[in-house]
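The residues making up each chain are set out below.
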Amino acid sequence: MDTQIFDMHNIDIAWCPGCGNFPILKTLKQALAELEIEPANLVLVSGIGQAAKIPHYFKTNVFNGLHGRALPAATAIKAANPALTVISESGDGDMYGEGGNHFLHTIRRNPDITNIVHNNMVYGLTKGQASPTSQIGFKTPVQVGGVFLEPFNPLAVAIALDASFVARCFAGDAEQTKEIIKKAIKHKGYALVDIFQPCASFNKLNTYEWFKKHTYYLEDSHDHSNKNEAFKKATEEEKFPLGIFYIKPDKKTFEENIGIYQENQQPLYERKPNTGKLHSLIETFKFAD
Amino acid sequence: MCGNEALAEAAILAGCDAYFGYPITPQNEIPAYMSRRMPEEGRVFVQSESELAAINMVFGASATGKRAMTSSSSPGISLMQEGISYLAGAELPAVVVNITRGGPGLGNISPAQSDYFQATRGGGHGDYRTIVLAPSSVQEMVDCMLLAFDLADQYRMTVLVLADGILGQMMEPIVLEKKPSRELPPKDWALTGAKGREQNIIRSLWLGEGVLEKHNNKLKAKYEQVQENEVLCEQYEVDDAEIVVVAYGVTARIVRGAAAKAREEGIKVGWIRPITLWPFPTEQISKVANEFRIFLTVEMSAGQMVEDVKLAVAGKAPVVFYGRPGGSVPTVDELLDKIRQLTLRHEIKI
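These protein sequences, in sequence, are chains A and B.
In the numbering used here, each number is its position in the first sequence, counted from 1, plus 105.
In the numbering used here, each number is its position in the second sequence, counted from 1, plus 4.
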């Protein structure tokens with residue numbers, strides 16, 4: 106499939122020149138095209154932030170909702186129509202800060218969705234405040250003395266919660282990122298893909314060069330079924346590993362667990378109300394003669 | 005100094021002990037300023053993980069008797085409504101700044117006055133009120149902040165300062181001077197450690213038959229006192245006016261220009277500018293409402309304050325609305341046109 110099928114024409118893209126969101130946009134289109142996922146069968150769900158604008162630049166079904174609340178909406182969309190490919194995509198501030206609580210509980214719920222997080226370690230939309238993943242010592246116009254909070258570690262949290270697929274990529278490596286996104290989309294169950302994304306305007310610390318210098322790919326020998334090993338890799342900080350950290354293959358999804366699909370595969374949105382059942386319920390409330 | 009920075013410095017001057025906030029446009033200058041100045045003063049600045057955290061940090065700091073504030077913009081203020089309701093129930097002072105933008109939903113980041121209902125009616129649940137101050141200049145943003153902390157402490161209420169993106173970004177000369185503070189009651193309710201006295205309890209839960217009713221009636225009596233004593237508004241050339249324009253905030257500045265031009269054309273226009281949106285200057289408007297006048301309410305909304313103007317006029321005069329919603333700002337000439345049209349209508353009527 107040609108990636109052009111996802112292209113929007115005559116649109117203004119609000120990202121700065123050199124923004125790491127551009128390669129992610131391109132890579133995601135390629136991954137979807139290679140997986141032959143039709144725009145009609147895809148929903149991109151986002152919250153608020155620069156990364157959350159990605160659905161606006163994509164010719165497909167789009168849900169751009171509230172700050173931090175993309176995951177609950179994505180869970181419900183998937184539950185209403187399990188045939189859709191649902192990708193919930195936003196930035197680190199949206200997913201790990203404002204939406205941190207939903208992040209935890211979506212992992213526990215395990216809907217069959219892909220959660221792509223553009224992790225640039227800064228709030229780009231509001232022009233450069235520290236985000237939950239900002240490194241200690243990172244100086245901003247608001248964190249004038251430098252960040253002193255421990256950075257949020259999304260991978261370690263996801264693995265601790267036994268998330269069914271946990272990976273990290275770097276936006277500067279399109280080829281590897283595409284392959285990982287493809288695996289995440291194909292994976293059955295919740296899949297987290299945290300993507301290191303340079304912010305050209307507001308993060309002068311974590312640049313393309315910095316990420317190149319401070320990352321490496323997990324060795325082929327890495328056993329992604331080993332939770333302890335995955336957790337150990339996720340807590341490495343001197344150099345950040347990239348690749349697939351952890352897969353829990355046979356975890357039941359939210360859609361499989363909820364009663365409505367256990368006997369009837371028809372998507373929720375197609376079902377008609379059962380008036381017969383309703384009438385018999387009403388009958389039970391009536392006084393006997 | 006832009007309006008947002010002036011407001012922040014005024015909060016420091018007012019003795020704000022702690023600031024909590026989460027990034028949102030168009031008010032980011034406030035936390036940026038506070039992040040630098042509060043530590044210099046030995047006071048607290050925290051960037052929270054969400055607006056919910058920010059308002060609950062205000063809740064906690066206020067419970068200890070310290071002066072605490074937060075600032076945000078419309079969508080963030082919506083998130084804080086739960087906390088504001090609980091602050092009202094627990095009778096704690098707090099100052100909340102809303103540098104508004106267009107809504108509903110994410111809307112846009114242009115200046116708007118579409119949060120009037122949320123501010124004056126209470127966006128949270130339960131029988132409660134918040135005092136709402138609406139500045140129309142950078143100096144008044146300063147004055148409102150100084151007043152806000154005093155009002156909050158005096159009545160143990162949340163005081164909302166409702167400005168917009170224009171005022172936040174605007175630069176004007178200001179005088180930063182602490183005026184003599186009003187006499188404030190001691191904070192004997194605060195959580196300061198119960199050594200040598202009975203413990204204090206901060207709560208908004210009032211179970212038991214009639215207990216909440218008694219509490220709500222106590223709040224009501226307090227709110228009536230605020231209505232009695234704290235109304236602020238400005239009036240100009242209303243005495244002989246055939247058209248009285250009612251507008252607040254930045255819109256009132258545009259009205260002022262349009263009214264002056266109309267006077268040059270011989271149209272008798274006066275204006276009333278509410279500074280407190282709650283308590284609303286109902287009596288001031290009611291007093292000048294009669295059958296020889298038309299009231300024109302101008303807002304950057306689809307029509308919200310106009311309902312309070314109608315309640316104040318109470319059918320004694322026609323009330324006309326002109327508004328620009330969605331973050332659009334009316335021009336002086338646009339308002340002048342509207343005023344001219346009203347003159348024609350008025351003549352036909354007489």
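Since the hints were made in silico from the structure, they are not lab data.
Glycine residues also receive a C-beta, built at the ideal position from the N, C-alpha and C atoms.
A portion of the hints provided could be inaccurate.
Claimed, not checked - Label pairs and their in silico Cβ distance ranges:
#1 Ala279/A <-> Asp341/B: 25 to 33 Å
#2 Lys183/B <-> Lys232/A: 32 to 40 Å
#3 Glu241/B <-> Asp117/A: 26 to 34 Å
#4 Asn204/B <-> Asp328/A: 51 to 59 Å
#5 His161/A <-> Asp341/B: 45 to 53 Å
#6 Lys265/B <-> Tyr374/A: 56 to 64 Å
#7 Asp117/A <-> Pro322/B: 54 to 62 Å
#8 His210/A <-> Lys265/B: 38 to 46 Å
#9 Gly261/B <-> Asp117/A: 28 to 36 Å
#10 Glu311/B <-> Asp355/A: 40 to 48 Å
#11 Glu311/B <-> His210/A: 49 to 57 Å
Notebook entry, point to check: Measuring from beta carbon to beta carbon, are Gly261/B and Asp117/A in 28 to 36 Å?
Noted result: 34 Å, holds
Checklist line | Range hint compliance [Cβ, Glu311/B to Asp355/A, 40 to 48 Å] | finding: Between Glu311/B and Asp355/A, where Cβ atoms are some 59 Å apart, the hint is violated.
Next item on the list: Using the Cβ atoms, figure out if Lys265/B sits within 56 to 64 Å of Tyr374/A.
Entry: 57 Å, holds
Margin query: Against the range 54 to 62 Å, how does the distance between the Cβ atoms of Asp117/A and Pro322/B compare: consistent or not?
Written below: 44 Å, violated
Margin query: Is 32 to 40 Å respected by the C-beta to C-beta distance linking Lys183/B and Lys232/A?
Written below: 34 Å, holds
Notebook entry, point to check: If you check the beta carbons of His210/A and Lys265/B, does the distance land in 38 to 46 Å?
Noted result: 58 Å Cβ-Cβ, so the 38 to 46 Å window is violated.
Next item on the list: Evaluate the given range 51 to 59 Å for the C-beta pair formed by Asn204/B and Asp328/A.
Entry: With a Cβ separation near 57 Å, Asn204/B and Asp328/A satisfy 51 to 59 Å, so the hint holds.
Margin query: Tell me if the beta carbons of His161/A and Asp341/B are separated by a distance inside 45 to 53 Å.
Written below: Since the Cβ atoms of His161/A and Asp341/B sit about 37 Å apart, the hinted range of 45 to 53 Å is violated.
Next item on the list: Confirm or reject the claim that Glu311/B and His210/A have a C-beta distance inside 49 to 57 Å.
Entry: Once the Cβ atoms are compared, 40 Å apart, the range 49 to 57 Å for His210/A and Glu311/B is violated.
Checklist line | Range hint compliance [Cβ, Glu241/B to Asp117/A, 26 to 34 Å] | finding: At roughly 46 Å between Cβ atoms, Asp117/A and Glu241/B fall outside 26 to 34 Å, so the hint is violated.
Margin query: Given the hint of 25 to 33 Å, is the C-beta distance from Ala279/A to Asp341/B inside that range or not?
Written below: 56 Å, violated
The structure is inconsistent with the numbered hints 1, 3, 5, 7, 8, 10, 11, although it conforms to all the rest.
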